[in-house]
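Order-wise, the sequence lines are chains A and P. Each residue of the first sequence is one higher than the one before, starting from 10 at the first, in this note's numbering. Each residue of the second sequence is one higher than the one before, starting from -18 at the first, in this note's numbering.
Hints were generated in silico from the structure; no laboratory data involved. This list has only true hints and no planted wrong ones.
Beta-carbon label-pair distances, calculated as ranges:
#1 A:Arg449 <-> P:Thr(-13): 21 to 29 Å
#2 A:Val557 <-> P:His50: 25 to 33 Å
#3 A:Arg449 <-> P:Ile101: 16 to 24 Å
#4 P:Ile101 <-> A:Glu625: 46 to 54 Å
#5 A:Arg536 <-> P:Ser89: 41 to 49 Å
Predicted model only: the values in this text are computed from it and were never measured. Where is the CB? At the ideal position from N, CA and C, for every residue including glycine.
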Amino acid sequence: MIFPSRVWLAAAIVAAVVCAIAAWPGQPAVLFVAGMGVGLFAGISLSGRIKGGEQVHPDDRDAIAQAKARAFLSGVSQIIGIRRRERDGSWRWHQYQADPSYPVSVDVAPIVHGPGDAWTIASSLGETASAVNAAKVIENLCGAAFAFDTDGEFTYATPMAQTSIAMTLDDLNAPLGGGRFIEGGDLGWKTGVHPDDYEGAATELRRCMRAGEPFNYEYRVLRAGGNYVGHRFAIRPARDVNGQVTGWYGIGFDIDVFRKTDDALRESERSLRELIETAPALIWCMAPDGEPVYFSRRLRDFFGFDVAAKDLPGIARLECILQSVIHPDDLAKVRDRFANSLRTGKSYALTHRQRRFDGVYRWVETRIAAMRGEDGAIAQWNGVCLDIDDQVRAQEELRLTQENLARAREAASLAELSASVAHEVNQPLAAIMANAQACRRWLAAEPPNVERAQSIVERIAGSAQSAADIVSHIRALFSRNTGPRLPSALGELIGEVRDLLADELARCGVALEIEMVRGIPHVEIDRVQIQQVLVNILRNAMQAMLTVDVDRRELRVELTTVPGGVQIEVADTGPGLSSSENAFEPFFTTKAEGMGMGLAISRSIVEAHGGRLWVEKNIPVGARFVFTLPASPGLRE
Amino acid sequence: MPELPTVAIVDDDEAVREALGDLLMVSGLTCQTFEGAASFLDATTKRHFDCLITDIRMPDMSGIELIEHLQKRCTDLPVIVISSVLDQHVRSSALSLGVHAWFTKPVSDERLLGAIAAAIANGSGADTGQ
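Can you make the complete structure from the sequences, with help from the hints?
Listed below in structure tokens is the structure:
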């Protein structure tokens, strides 16, 4: 059978564009289209539908076995033509596709072996009988193999090998000039090799043949479909009992899918690496024991050195790096967190200062997390560092500004407070002074007015007493840390305050109503200070109500629980406050008497206890002062 | 016989009012005390005063407001301030309003009486408490 192979191939392709409707037992009719003209079958393959083989032509069973072996070894699906028995007993060509039994991640077109493609066997094996035997063993395992004699003339090629490249033995051996292959001549198989690869492959093969050495070489083979596909060839000598080479056998592996997989992996790794290298963060990786193994480009740029640059003999690399980049004040903290994570496998996030290549320490936020393998063991540590220096500095500036503002405000309110104090104290002093002077004049008069002088002395004593009262009042209000904070029952305390103010309440004609629920938790307070706050608020309320009718003066204290603590409300029926926040400014007062400092100090006492004090409108009239205090755990009234 | 000069005292603190009143009385001055600017202004419609002694920090209407009020009425009533306010701005604004004298509490009787005498004698010997 000698065909000019290319011509034959074209004819075979045309002939093989087969449309057949095959219906088989128990199955609906299957549309079956062979599109060999483009090297592809559209439609449904018969993969896996061969049962027991009794339906398949005996001559084609080897082809199925070989196709399966090739698909498995190469990872490329193989499509072959096989004959199946029809219901009427006749044989009919069908396509059979053998797929690799594992998923292939890259897209590879299947290899098509046309049904009935031509292949030939040699009329004589000559001396190559044992090489051919070896080839047949390989064929059994791998689905394709070949053998040639010591001149380079093919004596055997598996049908699969022949049909996949559309070359018969005669095509392979067709002399192209130059004599025997081993002596530099070329044979027909040259036309099936990529022109760029042929010389190298042929030269190497001749060298191996002369030296009797194994041939291992990769070159591109022209496939029946018209495309070049990379193959890795392994060719070995067969020897007789004397060690004399009697022939050669070998196999060509389709490495297309491996190449493509490799390229895809390389590309995937490259793009991942690029992602890591260009991500706007400083990224690094450490071995499970904490040894840094990789810095991203940005991190290398930040540090100005690569991962191994700071290695010192006898010291762990992590320690060397930490010592050279972490701010000395943060070093202990960073070291601790690293050690803790390495010991426990837990991730961490930490803000610290880190030295840049130019020696400037920048605030960074570092996070590390363990990457674990399928067995749960730590495969590596990944870390990311974000330069947050600008934010940290902005925050610091904001904090300083706020601090300055608070200090200024404090100074201002201190000035106001001292003015108030001066006013309050100077008032009785002024009276004392004027009285004393008047007294002296009464006594110096002719005759001295002793009676008048005596009554003035009484008044002096009164003013002196009120000056002393003011001083002690101020001292009481300002003594923040005097008493110990003890868990106290507020109901009891309110009762004490009511008793304390009983006379004043009666004098002002105010009815005080106290309302409280059961189970009020105890609060940890300085009793004297909180008493002071209550007295202050109640006095305010009483004085505010002096402007309304006596029968409308109602004062109500309500004690309730709120989440996390207790709340005390003092509601009056006075005229209310026009501006609720002003009320807490140190010099604010609506009263004819009093210092105007009570509410400001009350608020700072409540806030020092962790509570809040504010004022609301009371409905329908009056003001309602409310303050909260955090509960102390456990105790209840 | 000329009437004795009458001095008005405005201070929200009763003890101060009484003490100043006594001091002026023993010094031979007639005086009337008021617990707030409003009641004083009310009284000015009924009678004549020769001098006003007022506090600055008072509820409802402050001493400064009172002085401004008097200015609007174009009265030539001399005003003496006795205050515990140490604020220089308040003091200078009071003086710019034509206050005759400014004393910081407590005040000595000689200086106060001297200022009152000078004020009644029409402006000579102003004491600005410097």
